[in-house]
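Using the hints, put the two standalone chains together into the complex.
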Amino acid sequence: MIEFKNVSLTYPNGVKALKNIDLTIQKGEFVVIVGMSGAGKSTLIKTINRLATVTEGEVLVDSENVMRLKENRLRKLRTQIGIIFQDYNLVGRMSAIRNVMVGRLGHTTTFKSIIGRFPQKDLQLAMRNLERVGIGEKAYVRADQLSGGQKQRVSIARVLTQQPKIILADEPVASLDPPTSHKVMRDLKRVSKEDELTTVVNLHFIDLAMEYADRIIGMREGEIVFDGPIEEVSEKTFEEIYGRPIREEEKRGD
Amino acid sequence: MSQSTKISLRSQRSLKQKATFVLIVTSLTLLYAFSLWSQDFSIASSQSSPWTILYRLFVVPLINPSYWPSFVEKSWLMIETVAIAYAGGIAASILALPIALLAAKNSGGKVHYVGKMILNAIRSIPELLFGVFFVAAVGPGSFAGVLAISVNSIGMIGKLYAESIESIDRAPVEAIRASGGNSLQAFWYGILPQLLPQFLSISLFRFEIDVRASTILGLVGAGGIGVPLILAQQQRHWEEVGIILIIVILFVVVIDSVSGRLREKLN
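Protein sequence lines correspond, in order, to chains A and B. For the record, in the first sequence the residue sitting at position 23 is 23 according to my numbering, with numbers rising by one throughout. For the record, in the second sequence the residue sitting at position 156 is 156 according to my numbering, with numbers rising by one throughout.
The shape of chain B in the complex, shown without the other chains (with noise of 0.2 angstroms):
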């Protein structure tokens, strides 16, 4: 028996495939170093010192009870938020629908490319960017808020609709088509099944993402707890921000874990 070579876990490589990996690095370490160095790290001159602000902001409100009132009345406009979110997220899961089974590729056809890009155009204009064209629209208040989480998540539910869509298994339908049943009942018994359970988690993922969405909306007056933050943040009165942070770190947290429980029994 010959004298057995060295095993390596990796193939062979070229000299040429070398050097292009020392080139990436090399080139990656600039880019880096340049960065860094092209910017202006020095600290501008403030009042009041971080370490006051954040004393500010999550401590006075919780041990003064002169501010415990105010978390009351800034939850209910924490509720607006969360309903802003729903509205807007229901409305994005069903008109994704239409976008999603034409953007699939079985679904879609030789077309498909039309729906895909409808979604990429949305992914790629900013949640902010859709909140100041609806207020523009519609005037400041929730109503824009909704219209904006609406369109700006028909975007990623809809990608998401069409990857379940492609994914399809259609070995049920075929069993379905060869007992006699028609194209209905194929679809109703052979796909809908597949789809509904991942379209609820899909959909359900989206509302986690639009609650914290529709917060940051408030900022350019599409209503709902991002107004009272942004008038806090801009007059300085910290203990209200930290009031407004807390209550949205709450509903955010409690929001994210009930969902995600739902949608692991989804799966």
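Just chain A, with the same shape it has in the complex (with noise of 0.2 angstroms):
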């Protein structure tokens, strides 16, 4: 469970990224944060791993206030924590599976992860997830030879090999084509699903949002103007949280 207790963040320079945020996320729900690129979405994302820190109020993870972690605590903590990237933040020059097992580094000894002794059980683990996205026939291919959706999947499966708690995605499928984009998104609430991981994403693609989503929680201008279950959103709900007329442009297609 995730919670946000009266949560402002200003950033350095002034600009209040978030104010006031009150919200929980339960255990196991797919959430989608939609709203305009600067409503503070990528913002509250990272709050919840301490990549971004709040300047007022509390985040809590399974009742954790996060920002109180010392160093060896929040590593922990950020283990139980995935985080996809919108430009997958993979090292080219290495295989898929090696970047997969980038995300079981938090849980191996630093002298055993340096001469590259992994335990057996978690290679099969990061070769499963592979397969479990659809590549696991691009397992020792280089990172940088895949394509935009393949490098995704990758990413998807270093955040499972983590095997954490919740998952974080932040602009998913901002830098692929519509059919890749719906392809990565099935993947990503199909796995979810099956973990029964929290799962919160970041999309302004509103037609995404509405395909994929158990909730939708719209932000604007640092603040959480919409949160309901999907069964409460039409294409009214984003033209509030908006603020305007939907654009076309704002849905990714089909």
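Among the hints, erroneous ones may be present.
Stated by the list, open to error - Derived Cβ-Cβ restraints for the label pairs, each shown as a range:
| no. | chain 1 | residue 1 | chain 2 | residue 2 | range |
| --- | --- | --- | --- | --- | --- |
| 1 | A | GLU58 | B | GLU174 | 22 to 30 angstroms |
| 2 | B | LEU9 | A | GLU249 | 15 to 23 angstroms |
| 3 | B | PRO98 | A | GLY28 | 49 to 57 angstroms |
To be verified - Cβ-to-Cβ under 8 angstroms is the rule here; a few derived chain B residues that face chain A:
| no. | residue |
| --- | --- |
| 4 | VAL60 |
| 5 | ALA136 |
| 6 | PRO140 |
| 7 | GLU174 |
| 8 | GLY180 |
| 9 | TYR189 |
| 10 | PRO193 |
Just so you know, the hints here were simulated from the structure itself, not pulled from any lab data. Quick reminder that beta carbons are idealized off the backbone N, C-alpha and C, glycines included.
Okay, here's the thing in structure tokens:
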């Protein structure tokens, strides 16, 4: 469970990215955060694993205050939270499976990881996760040889190999074409349901949000302006979130 | 619709810009004319014609069997030269690392210019000077050559290393830190795989240059094939000079092509 209690975040340059956020995300939910760029979606997600530090209020993950954690406890918490980035954040020169094993580093002692001695069961796990997202045969191909969709699948496999409780995804399909976007979102949703993971995804495409979310949170200028189950959401809701009519380019299409 | 104005590929230039351009071109032309005029181009008389020398350099050693054993003997000296370059190059590629870390903007921080200054200072000193210096310090021979090559190469290797370090992609580091990896793991899995192939490639490239440099270093007594080269040249023993040049050219061509292919694989 993730809880935000009166959270605000002001950047050193004075920009208020988050304003008094109160929010609870239950275990196993698949939540999509929508809003225009600059609305604070990305900042909100990154406060959960403290890639961004809140300036007021508290963020609790399983009742633990993220801001209070010391270095060691923070690393422990981060092993429980996987994050998927828009630009994949893979090492291009390493094979897919080696990139996936990067997700296991938090569970591996420094010495063992540096001499490259990972437990066989971890390697099995990595390979299984690559197969789950349909790219098992690419395990030994260098990451920079893969297509965008394949790269994002490698990063999904990396996150799964962490065996996290929570997955965060920051605009996971923004660099992909429409058909690939759907495939990647479908994969993400499927594995997250199979492993009963709490998932928070940032999207700015409203049709993707409608298709894959269990619950939608709308943000505008650092505030939550909508929060409700997908059944209550219509195109009208988005117009309220965006504060203007929806444009065609805000849909990914298929 | 209004009449369309003519589109030019270049942006409009002001009169001042045009004047500057003319001024630069004129002064460059004058400079060139002056340097031609100031040089003395008369050819000093020589006892043997250039054609005779060329014939004795590259034809006689190849067609006269009495010179053939000398090729084997000189090849060993060339191998010594390559060994000097190799030993010096390896030392340089290791020694350059800490200086490069200091010189790169992202790893060196506020004092990165100190590292840059060290590298610039090394690069501005010609290799022959290092040769003379180390021959004076440790006596003539290969050891002086190895020292000269290693110190001299640090300048260029360090500069190129630093450029690689500056162009690192931080994204994988963010991913590793975000999944609970510590800073050493982030370095090992996020940064090293990006740097190692580039470092190897840079060192190989420098080795190609070092082979040529260590040939030259022999001229000041720092071991290898340069020593007999300068002796033979001083005695006007052109056949001997020819043998040495042929061997140097062969070795350099082979080493450059092998190393070039290796570097291609690394990228």
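Evaluated hints:
1. GLU58/A with GLU174/B: 22 to 30 angstroms: Given about 24 angstroms between the Cβ atoms, the range holds.
2. LEU9/B with GLU249/A: 15 to 23 angstroms: violated (32 angstroms)
3. PRO98/B with GLY28/A: 49 to 57 angstroms: holds (51 angstroms)
4. VAL60: At about 52 angstroms, which exceeds the 8 angstroms cut-off, the nearest Cβ of chain A leaves the hint on VAL60/B violated.
5. ALA136: violated (44 angstroms)
6. PRO140: Cβ of PRO140/B sits 44 angstroms from chain A, so the hint is violated.
7. GLU174: holds (6 angstroms)
8. GLY180: Interface hint status for GLY180/B: holds (3 angstroms vs cutoff 8 angstroms).
9. TYR189: holds (5 angstroms)
10. PRO193: holds (5 angstroms)
Violated hints for the displayed structure, listed by number in ascending order: 2, 4, 5 and 6.
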